[in-house]
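J.: One letter stands for each residue in the lines below.
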Amino acid sequence: MTRLLELLVNGVSLGLLYALITLGFVIVFKATRVVNFAHASFLLLGVYVVASAQPSIGFGAAALLGLAVAGLLGLATERLLLSRVDRRNHHAMAILTIGLNVVLTAELTRRLGESVLPLGAPWDGHVVKLGPLTLPLTVVLTIVAVPVLIGGLTALLTLTGWGLAMRASIADAEGAALVGIRLRRVSATAWVLAGLLATAAGIGLASFPSPGVSLSIESVAIAAFPAAIIGGFDSLGGAIAGGLIVGVVQVLVAGNQDSLSFLGLGAGDVVAYLVMIVVLLWRPSGLFGSKEFSRV
Amino acid sequence: MSPPRLAVEEVSLAFSGLLALDEVCFTVEPGTVHAVIGPNGAGKSSLLNTLCGIYPVTGGRILLDEHEVTRLRTDRIAALGVGRTFQNIVVSPQESVLDNLMVGRHRLTSAGLVATALWLGRREQRRHEERVREIAHFVGLSARLDSTAGLLAYGDLKRLEFARALCLEPRLLILDEPVAGLNAAESWELGQLVLTARKALDLTVVFVEHDMGVVMSIADRITVLDFGRVVAEGLPAEVRRDPIVVSAYLGAPDRPEATPQAERTPQ
Amino acid sequence: MKRSRPRVVSAAALALALAVTGCSSKATSSSKNTTPGVTDTTIKLGMLMDLSGAFATSGKTSNTAGQFAVDEINAAGGVCGRKIELVVRDHAYDVQKAVTAYDEVAPQVLGFLNVYGSAITGALRDKISANDMLVGLTAFAPTLLGDPHLIVVGSTYDIQAINAVDWLVREGKLKKGDTLGHIYLQGEIGENSLKGSTYATQQLGLKLASQQIKPTDADLTSQVNAVKAAGAKAILLDSTAKQTAAVVSEAQAAGLDVPVVGNVASFAASLLSTAAAPALLKQYYRVSGIGLLSAQTPAVQKLAEKWKAKFGAQQPESGGAVVLSYFSTHLWAKIIGGTCGDLTRKGVLAARAKVTGFSMDGLGPALDLSDPAQPSSRESQIHRPNKSAYAGMEMVEDFKVSDLAKQYQIKAG
Amino acid sequence: MSDATATAAVAPRAVARRLPGALLLAAAVVVLLALPLYLEAFWLRIGLFSMATAVGALGLTILFGAAGQLSLGHAFFVAVGTYGYAFLSGGDTGHVKGLGLPPIVAAVLATLLAGVCGLLFSPVAGRLRGIYLGIASLGLVFLGHHLLLNLRPVTGGYDGRSVTPFSLGGFLFSDSSDLAVLGVPFGAVESLWYLFLAVTAVATLVARNVLRGRPGRAFRLMRDNEVGAAAMGVRVQRAKASAFVLSSMYAGVAGVLTALAFQRAVPDYFDLGLSIDFLAMIILGGLGSTSGAIVGATFVVALPIVLSRYADALPLVVGPGQDGLDASIAAQFVYGALVVVVMLTQPGGLRAMVHTLRQRRRPPYARRTP
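Respectively, the protein sequence lines represent chains A, B, C and D.
Heads up: the first sequence begins at 1 in this note's numbering, then just goes up one per residue.
Heads up: the second sequence begins at 1 in this note's numbering, then just goes up one per residue.
Heads up: the third sequence begins at 1 in this note's numbering, then just goes up one per residue.
Heads up: the fourth sequence begins at 1 in this note's numbering, then just goes up one per residue.
It is possible that some hints are incorrect.
To be verified - With a straight-line Cα cutoff of 30 Å, these simulated DSBU-like cross-link-like pairs (lysine-lysine) come out:
#1 C:K310 to A:K129
#2 C:K282 to C:K233
#3 A:K129 to C:K228
For the record, the hints were derived by calculation from the structure and aren't laboratory data.
Model, not experiment: these values are computed from the prediction.
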């Protein structure tokens, strides 16, 4: 029972981190209709900056620097690359992010190699006991901090002018342009947000008990794909739900590997995709995705 | 083969509770040209889409001669000889005009993947290409056959769609605003093409159009829709004088164009 | 017109083909009189390493250390009166690149000093034997034994696992009836190691709880928890270095306070600067079939000095890779030196079997290459992390063969 | 009538225009046929990999370029081909099983097997669109990888299994063959070259026929407007399924060729990266075009290998093992940057670029009346 509870808590914590990654992914898609294949390398770059800066300037400043760099990378991607492609050519833009991803991954592979860079977060190495549960402090902090972050984001989207513009342009880009919303600013902000959210999630992923920043974090971030699809690709609430579902299911399956041996070893990694395909057979636009209607 | 008779019997269509068509009834006699008019949002396009099986009806029946086509799939209805054009032009913009027209021969040809892969579809293709060239000549697109469709002028695109519908060798031709966006001369020309095609190819024609000049000059009968209901039906001259029609549609120019009705955004 | 085109094309093609085939240069150049890679002054040896992929750090380290040995050998006059030259290619741990690079390098070299990666060795094995090539490996799988074309330096993974379990028992960290947790990589490393641990636990009256992982797994919490739930008193670990850090810190997070013994590839010096350092220093040990870079023998110190001279304060990530590459390059010189009269690939293969007692003090155990079906040694050392030791590791126990490892029958092939 | 006279008048000109093309084609055929007599194994090997990949890219360009169905699962179907061939033609060795069928039978069955896998997935594929289909098919890659690691008797697990060399009518396509042509020993690479060339040529012609014929036109209208295609009588679900099956079979053939070129099947090759590479290839080359797929595949496959071979000669790039910018990292940079640049300047891919150039160079009389 304790073990199940422990797994659940770990799963929720991982799921919240997935939710952050997925949110950035989905916000970009909503604002610009671009599938950002470079999202995982945004995450790795941000957290790499944190880890390589923290020995000299301390964790707090390094975290801010990492967020800033990833945000700027998002901005640069939008301003320098995507804005030069026809807005309606979503394929070209998606492939462009593939190219960007290749370059970023190559550079990060060159710099990181096999090494593990310590993240240096103040909560690293700490374990808390909550009743019968023994949990890394990271898990507890994630469960507290991520909902606050998501709440803040929701407030931003619902209460501010930018949020309104964002939602309007997502609902109907042409209409929004007609009423004077500057689409470019909205999409630039979306890309910056994606970088920030990815880095925030990356800090969580690289924290104790994970030994630090290494290349394998990028492959973890790929889980945002099925999470986004399960939730529905154009739904922010769906992104959060999808992230949580993937996190919890992954941890539960991996934690019960022995009794699930018929699924084969390492089933935790693929179960997210199984869930995804089942969800899609049931609802072709994900749990919360809006149906596309073809109008002729 | 003689042109078919189309009977629409108490057809209703609802989108998540919103009634787009409400027990619509009318009959199109074989070989006639039948216009459906009405203000924006009246349900005209929805009606055409139910005829083609694109929107599933929520009630009523649609008969093509004695065949009930109410719940048939769109491609099955096309296979029965129903050709159509679309309100907002539907072509493959990167393909040549000839290729776009050849798609119209899909139902009349049979070369499948395997046959085509093994060079077995060529003879069939050549035979049909001849007929397609004739049709292109008929609508005046001969000179454009090798052009990329996306680069055509608007008027040519409209003719391309019309020609492609003819390439199906239809018995029933459905036209959704065939002259919208054309100038008066082009509109008149296309109207005459419809009449010629009807005669030469033995067609029954149903069309939706806002251009009253064209409607009055080519339609044999007119059905008027408003809010998804038939509000009037008759000969052009009768409809023109019908007080309900005048108030609902023709005589009320100040009526707001963009009505927030079901047809706009079917959800 | 249209129809005749293919015919025209094929006729023209045929005519042209007949015209050009008369003068192929490939035909004349491929005479088989001279042995590839050998001239009057040089002997070329190939290296296929991962220099830009996931294992680039080890690849670069091995490359550097191999070059150290080559420079030393050449400075001392070379082998058979010839200088050794290395032809290095990067395969980025990609089988496709490796196969192509092999095709490029093979005609130029006498043999391969090192081919890195088990999947890559697997892909190349047929070609290697077709070419009579002798190939050195950075792998210790018993499945590689029995093939006279491959050199496995030192004890194999299964024997290392047996020696590790034996050591845990001798040190009192495990007692009869206790459970040993074994977290192992899928693939030949882990599975061969599991054979050893299964044998040893059976022989010593221990219980075994095993958990398989993939090289790409980052989060190993569930495996650690499973081992904890099985009541493990010690953990045997075959993993990448990153995963080692994850396992020890997750064990710490789970309150599992037991020794963890990893294999030679499961440690990197930089782990000692991560959050996992305290746990590593407290609980981690390493079993190794080759020597330790911080050992106090003259041969090892000479090697360490070379590294310091080249890289200054920057210590090698993997001392094991430095030692292995340096050691096996010298082993190659010994093999070639035994066949100066017949410097052909077949000659080299025959000379390999003549090496029965090669050793370099502290760098590796005494190697016996006479029987390809048997490991060249059954000895292992035990190391543990120490921040002040060079490359982060200090000696716990020098080369030793456990009795169990002596009895253990290896199934080759 | 006017059309007929116009055609007749144009005919001699058309011949004159086609003649250089035919000669060029003939020359290309000769060069391709003669290459094994001159090139080292290294270059031939690159050719083999390129051709294997090109066949896969052809399949994806039919599926995505023509039929508009985004698939990130192509690597899975390639894996089915590779492992299907390895299993069907392989013998029992130790813990790895095989059926020991003749290689040609195994190759055909492996292709069909990939097609069946495509058919099994087509109910999912038929229901989904755009990115949903893309990522659902991405799931196949992860599930497939999982199976490759776990179905050990068939796949050999993490370390993979070796592949039986191809043989046809007693002739063995391997290094142990004693055949020599004009003094050139014909080993695996040389003989496989001709096999691959033949398969690639057939695959290209078949793809061309399909794309230019009735199914291709239906696919493209379906891509541009599904409802429009249905109204023309196209059975959309069936067309989608058949595009998926055909593309899977192409991937299956690519898989068999890959197996023969590698002589080993390892699971890690068939990952997400391979799927994304396929996508990049066909888009770099020009979506929906057969020549574009081949050019794109050759480019993506050959670039890193060639760059790392000539690393020494390139500025900024260092040789293997030295400190600095490694050749294969440099190749990654070039590849990534090129994808970005092509998308920025020529979203239609290399084919569109060539097309524009040709249009510009074409003599005025040959230009079609605007």
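J.: Could you check the structure against the hints above and give me the numbers of any it violates, in ascending order?
T.: 1
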